[in-house]
Amino acid sequence: MNKIFICLYHPRPSATNSSHRQFIEDLECLIEHHSEVLDRVIILGDFNIHFDSLTDTYSKSVKTLLHNNDLTNLVTTATHCKGHILDWVVASETFAVSVDDLCLLDHYTINFRVALHLGQRKKKIATKRNTRSIDGAALNADIRADLEANHSAQGKGRADMFEDILRRNLENHAPLKTRETTDRQPAPRIKEKVRETQRRRRTAERKWHKSRTASDRQAYKQAMDSVKATIIKEKKSHFARGIKSSRTSKGLYSVVNEVCRKLSSPVLPKGVPKKELPDRFSRYFSDKISKLRQELDHDAEDPSTETAESVPKFSGDTFRNFKEITEQEVKNILTASPSMICSLDPIPTKFLKTCLDSSLPEITNIFNQSLSTVVVPDSFKKAIVIPLIKEPDLDPEDLKHHRPVSNLSFMSKVLEKKIVLHQLKDHLKRNNLIEKFQSAYRNWHSTETAFLRIVNDILLSCDDGNISVLTLLDLSAAFDTIDHAILFERLSTNIGLDGNVLASFKSYLSGRTQSVKIDEHTSDDMPLKYGVPQDSVLGPVLYTLYTLSIAETIKSYSVGYHMYAHDTQLYACGAPQRIGEVCKNIQDSCESVEAWMKTNKLRLNIEKTVVMYCGSQQNLKLIDNAYICFGNAKIIPSLTAKNLGVFLDSQMNMEKQVNSIVKTISYVLRNLAKIEKYLDDDSIKSIVTTLILSRLDYCNSLLAGLPDSLIKKLQRVQNNAATLVLGINCFEKIDSKEILIRLHWLPIKARVDYKIALLCFNGLNSRSPDYVRDLLRSHAPTRSLRSSETSLLQHHDTLLMQAYAPTTDHDEEEIEHFYDDLSEIIKTNKAWKDKLLVVGDFNAKVGKERGKGIVGPFGL
Numbered sequence: 001m002n003k004i005f006i007c008l009y010h011p012r013p014s015a016t017n018s019s020h021r022q023f024i025e026d027l028e029c030l031i032e033h034h035s036e037v038l039d040r041v042i043i044l045g046d047f048n049i050h051f052d053s054l055t056d057t058y059s060k061s062v063k064t065l066l067h068n069n070d071l072t073n074l075v076t077t078a079t080h081c082k083g084h085i086l087d088w089v090v091a092s093e094t095f096a097v098s099v100d101d102l103c104l105l106d107h108y109t110i111n112f113r114v115a116l117h118l119g120q121r122k123k124k125i126a127t128k129r130n131t132r133s134i135d136g137a138a139l140n141a142d143i144r145a146d147l148e149a150n151h152s153a154q155g156k157g158r159a160d161m162f163e164d165i166l167r168r169n170l171e172n173h174a175p176l177k178t179r180e181t182t183d184r185q186p187a188p189r190i191k192e193k194v195r196e197t198q199r200r201r202r203t204a205e206r207k208w209h210k211s212r213t214a215s216d217r218q219a220y221k222q223a224m225d226s227v228k229a230t231i232i233k234e235k236k237s238h239f240a241r242g243i244k245s246s247r248t249s250k251g252l253y254s255v256v257n258e259v260c261r262k263l264s265s266p267v268l269p270k271g272v273p274k275k276e277l278p279d280r281f282s283r284y285f286s287d288k289i290s291k292l293r294q295e296l297d298h299d300a301e302d303p304s305t306e307t308a309e310s311v312p313k314f315s316g317d318t319f320r321n322f323k324e325i326t327e328q329e330v331k332n333i334l335t336a337s338p339s340m341i342c343s344l345d346p347i348p349t350k351f352l353k354t355c356l357d358s359s360l361p362e363i364t365n366i367f368n369q370s371l372s373t374v375v376v377p378d379s380f381k382k383a384i385v386i387p388l389i390k391e392p393d394l395d396p397e398d399l400k401h402h403r404p405v406s407n408l409s410f411m412s413k414v415l416e417k418k419i420v421l422h423q424l425k426d427h428l429k430r431n432n433l434i435e436k437f438q439s440a441y442r443n444w445h446s447t448e449t450a451f452l453r454i455v456n457d458i459l460l461s462c463d464d465g466n467i468s469v470l471t472l473l474d475l476s477a478a479f480d481t482i483d484h485a486i487l488f489e490r491l492s493t494n495i496g497l498d499g500n501v502l503a504s505f506k507s508y509l510s511g512r513t514q515s516v517k518i519d520e521h522t523s524d525d526m527p528l529k530y531g532v533p534q535d536s537v538l539g540p541v542l543y544t545l546y547t548l549s550i551a552e553t554i555k556s557y558s559v560g561y562h563m564y565a566h567d568t569q570l571y572a573c574g575a576p577q578r579i580g581e582v583c584k585n586i587q588d589s590c591e592s593v594e595a596w597m598k599t600n601k602l603r604l605n606i607e608k609t610v611v612m613y614c615g616s617q618q619n620l621k622l623i624d625n626a627y628i629c630f631g632n633a634k635i636i637p638s639l640t641a642k643n644l645g646v647f648l649d650s651q652m653n654m655e656k657q658v659n660s661i662v663k664t665i666s667y668v669l670r671n672l673a674k675i676e677k678y679l680d681d682d683s684i685k686s687i688v689t690t691l692i693l694s695r696l697d698y699c700n701s702l703l704a705g706l707p708d709s710l711i712k713k714l715q716r717v718q719n720n721a722a723t724l725v726l727g728i729n730c731f732e733k734i735d736s737k738e739i740l741i742r743l744h745w746l747p748i749k750a751r752v753d754y755k756i757a758l759l760c761f762n763g764l765n766s767r768s769p770d771y772v773r774d775l776l777r778s779h780a781p782t783r784s785l786r787s788s789e790t791s792l793l794q795h796h797d798t799l800l801m802q803a804y805a806p807t808t809d810h811d812e813e814e815i816e817h818f819y820d821d822l823s824e825i826i827k828t829n830k831a832w833k834d835k836l837l838v839v840g841d842f843n844a845k846v847g848k849e850r851g852k853g854i855v856g857p858f859g860l
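Here the sequence shown is numbered in UniProt numbering, starting from 1 and rising by one per residue.
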């Protein structure tokens, strides 16, 4: 049955029950609880609120609540003998409702008819392997024997031969079988323990039905309880294994959705047979890029017309040859890599790792041959594309609403990331070739450090009484239209790649293909003439090298800028009276950037470019009619903007960002509360740490200095997460601080303070971007003082981040409170390498001075 009926009764307010206001709050919680299935929910009952009243405050509140959730009360006539609509039928759909007076009660009878459809499970053809039956030792021995028998192949043929051996042995040990199955949500495999308790339950049931004695009934009840307890225990074990093996938040989300039975299927066009969809998507994705490149080729100027200043030439030692790697290095790389699965892999990654004893020499040989012969195997240049809907509310029938997501083979990603990229980054770092304000794919750089600098500059401008114009540029298919000839010229002239290294990149980008896969259907391979693979490891890095000279174009204007891969932010400030000049400056810089992009075969998406004015409420009122002209388009300023997962607003009060965090975490908490009984303590802690605490800590340095009203919102959801982890009833009265201490969690404000302290520490120890270090000045007294050895920061009126950090202007108590988190023990410890903190010394000091057993600010 596809409907959910909820029957409610709300008595009239009296001295013994709650008011209408409390009922409305409870109704809001009920609707929020069923938010994902509201299209199936029908709420009915006696509400004792005059829904037809135009003046009643509670009636207005209820109407607003229903309207905001796309619900309607379908009863339009009086339902009581004295008038007024007291009885409701609330639903998201419309159907006929009639009210009849049967002269039996003071309330009338409400009649309606709604169609109920019994869901029929569909049959589908499934093709699977029984990998559980694979004997790892036998598989390893067979692969070794085949490799010894085929040791003569060389070059590209060697990689193809190795993959054929893996596929053949996988087929021998776990043949691919096709059978018809019922399309249902997957469930954990029922184990023998559960089957045994089910058999005992059926035996007890038959015995009770035959005897009808109280003792047999009690035995049957105990058998039912035993089945239930065993199933819960096995489910806990199953989900605990899944959580333990999940290394990313995406993996944990999939486990949570599996427990909640919310496994969503891809949203695809329904008017086309599935076997035809891959070819249609493949043609659309290919034609889209080809058409865009034709337009760019028509509009573009010769990239060689760029000045020498905009494209500085490389003058150091060129990078000519890759270093070969040893078997031990390859083994360490493979074992440390996550076991991701792609349909292009000849064998599941977990079995490849199991068979390293036999395959490791061959894998090492393939990698080294690829580096020395400058020929990347063709199998490493194939991609499987999965079309995903861009937004849930978009029309899936329109192919432009789908985004192509590429999947690459495991071996190709290992070669790219751990071998090629590692050596390329060493060359870039050694010669300081990365743009200062490019924060993507660099050590000690992140979205948080980028936002920290942007928000710091804008807030300082606001404090000076100025208005900042923030522009977020958006590109169309940024990675897919890159011109290979221009890229190779940049790599040679500006980056210093030469010889085998440059030839390897040419081989890597030439002859690439992709095919679209939907279920068991795959399209033909389509050649990729342009661009770099976005979902690969090297692709985004090559994009940043391709666009290095754009920074020189922006520097010719008096605007601030920052880049994170293809996301570019421009901002400029000025007094409200000069906002026209500021807008003109931003407009000129944007037009110059657009011209640069046309020359370099990139397309700026003006429709999705966002402009936002940032300043105080009083100053913003002075520029209501200001806008930016971009070509023939007029961009109206937005009040809020989302960029890299962070919401910014025109007054920089971060309220929308805080509300977004609270909404996301509340959703996760509701789901966890439903499945809590299926998760053990360690599993709940892992989920909360990864999905909730990480969300609270993401870019939380931007929350420094926010009013307590916003911090309290975040503190409430953290407290809710703590009660969930400890298994405390939400109605139980307990000190929230005591809960956090038991879990060794820092409260929200302390987490923000700690993040600022950590960023300061990294800045003072050259473990942060240059643009963050520019915001810090160490205190250097003119004569010998006790404060000379305390690693304080110099007070600076124009460096906002440093103003929040401890300086010589703070009183002694405040400095001690804040500066504990930036202790001298950490700063002077030279053994600090992979860990953010020297846990032993740091926690011993902080725990001693604060009297709390704090063992870590971010963990459990």
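These are calculated hints, taken from the structure and not from any lab test.
Just so it is clear, CB atoms sit at the ideal spot from N, CA and C, and this is done for glycine as well.
Any given hint might turn out to be false.
Unchecked claim - Straight line, CA to CA, 16 Å or less: simulated EDC-like cross-link-like pairs of lysine to aspartate or glutamate: (1) K124 / E655; (2) K236 / D682; (3) K244 / D681; (4) K236 / E655; (5) K529 / D682; (6) K128 / E520; (7) K236 / D681; (8) K313 / E552; (9) K244 / E552; (10) K642 / D567; (11) K663 / E28; (12) K353 / E520; (13) K429 / E552; (14) K63 / D52; (15) K331 / D357; (16) K350 / D681; (17) K517 / D682; (18) K82 / E93; (19) K3 / E93; (20) K555 / D525; (21) K228 / E196; (22) K275 / D519; (23) K400 / D680; (24) K713 / E655; (25) K598 / E196; (26) K82 / D101; (27) K517 / D297; (28) K233 / D681; (29) K323 / E192; (30) K642 / E655; (31) K228 / E192.
Unchecked claim - Restraint ranges, calculated between C-beta atoms of paired labels, are given here: (32) E93 / K221: 56 to 64 Å; (33) D287 / C29: 46 to 54 Å; (34) H34 / Y627: 51 to 59 Å; (35) A145 / T373: 22 to 30 Å; (36) H34 / V375: 54 to 62 Å; (37) T493 / I741: 54 to 62 Å; (38) K634 / E93: 34 to 42 Å; (39) H744 / S766: 24 to 32 Å; (40) A96 / E295: 31 to 39 Å.
Results of checking the hints against the structure:
1. K124 / E655: violated (48 Å)
2. K236 / D682: holds (11 Å)
3. K244 / D681: Holds, at roughly 12 Å.
4. K236 / E655: violated (38 Å)
5. K529 / D682: Measuring from Cα to Cα gives roughly 49 Å; hence the hint is violated.
6. K128 / E520: holds (11 Å)
7. K236 / D681: holds (10 Å)
8. K313 / E552: Judged against 16 Å, a Cα distance of about 13 Å means the pair holds.
9. K244 / E552: This hinted pair is violated, its Cα atoms lying about 47 Å apart.
10. K642 / D567: With a Cα-Cα distance of about 12 Å, the restraint between K642 and D567 holds, given a limit of 16 Å.
11. K663 / E28: Roughly 15 Å between the alpha carbons, so the hint for K663 and E28 holds.
12. K353 / E520: violated (26 Å)
13. K429 / E552: violated (20 Å)
14. K63 / D52: holds (10 Å)
15. K331 / D357: holds (10 Å)
16. K350 / D681: With Cα atoms ~27 Å apart, K350 and D681 exceed 16 Å; violated.
17. K517 / D682: Given pair K517, D682 is violated - Cα atoms ~37 Å apart, limit 16 Å.
18. K82 / E93: violated (29 Å)
19. K3 / E93: Cα-Cα ~11 Å, so holds.
20. K555 / D525: Violated: K555 and D525 sit about 43 Å apart, past 16 Å.
21. K228 / E196: Between K228 and E196 the Cα gap is close to 12 Å, so the pair holds against 16 Å.
22. K275 / D519: holds (9 Å)
23. K400 / D680: violated (43 Å)
24. K713 / E655: Measuring from Cα to Cα gives roughly 10 Å; hence the hint holds.
25. K598 / E196: violated (70 Å)
26. K82 / D101: The given pair, whose Cα atoms are some 12 Å apart, holds under the 16 Å limit.
27. K517 / D297: Since the Cα atoms of K517 and D297 sit roughly 30 Å apart, the hinted pair is violated (cutoff 16 Å).
28. K233 / D681: Holds: K233 and D681 sit about 13 Å apart, inside 16 Å.
29. K323 / E192: With a Cα-Cα distance of about 53 Å, the restraint between K323 and E192 is violated, given a limit of 16 Å.
30. K642 / E655: Distance ~13 Å between K642 and E655 Cα, so the pair holds.
31. K228 / E192: holds (14 Å)
32. E93 / K221: 56 to 64 Å: violated (41 Å)
33. D287 / C29: 46 to 54 Å: Taking Cβ atoms as reference, D287 and C29 lie about 49 Å apart, which means the hint holds.
34. H34 / Y627: 51 to 59 Å: violated (42 Å)
35. A145 / T373: 22 to 30 Å: About 27 Å separates the Cβ atoms of A145 and T373, which means 22 to 30 Å holds.
36. H34 / V375: 54 to 62 Å: Holds: the Cβ-Cβ distance is about 58 Å, inside 54 to 62 Å.
37. T493 / I741: 54 to 62 Å: holds (59 Å)
38. K634 / E93: 34 to 42 Å: holds (40 Å)
39. H744 / S766: 24 to 32 Å: Given range 24 to 32 Å: holds, Cβ gap about 30 Å.
40. A96 / E295: 31 to 39 Å: Cβ of A96 to Cβ of E295: about 54 Å, so the range 31 to 39 Å is violated.
Violation of the numbered hints given earlier is confined to hints 1, 4, 5, 9, 12, 13, 16, 17, 18, 20, 23, 25, 27, 29, 32, 34 and 40; the remaining hints are satisfied by the structure.
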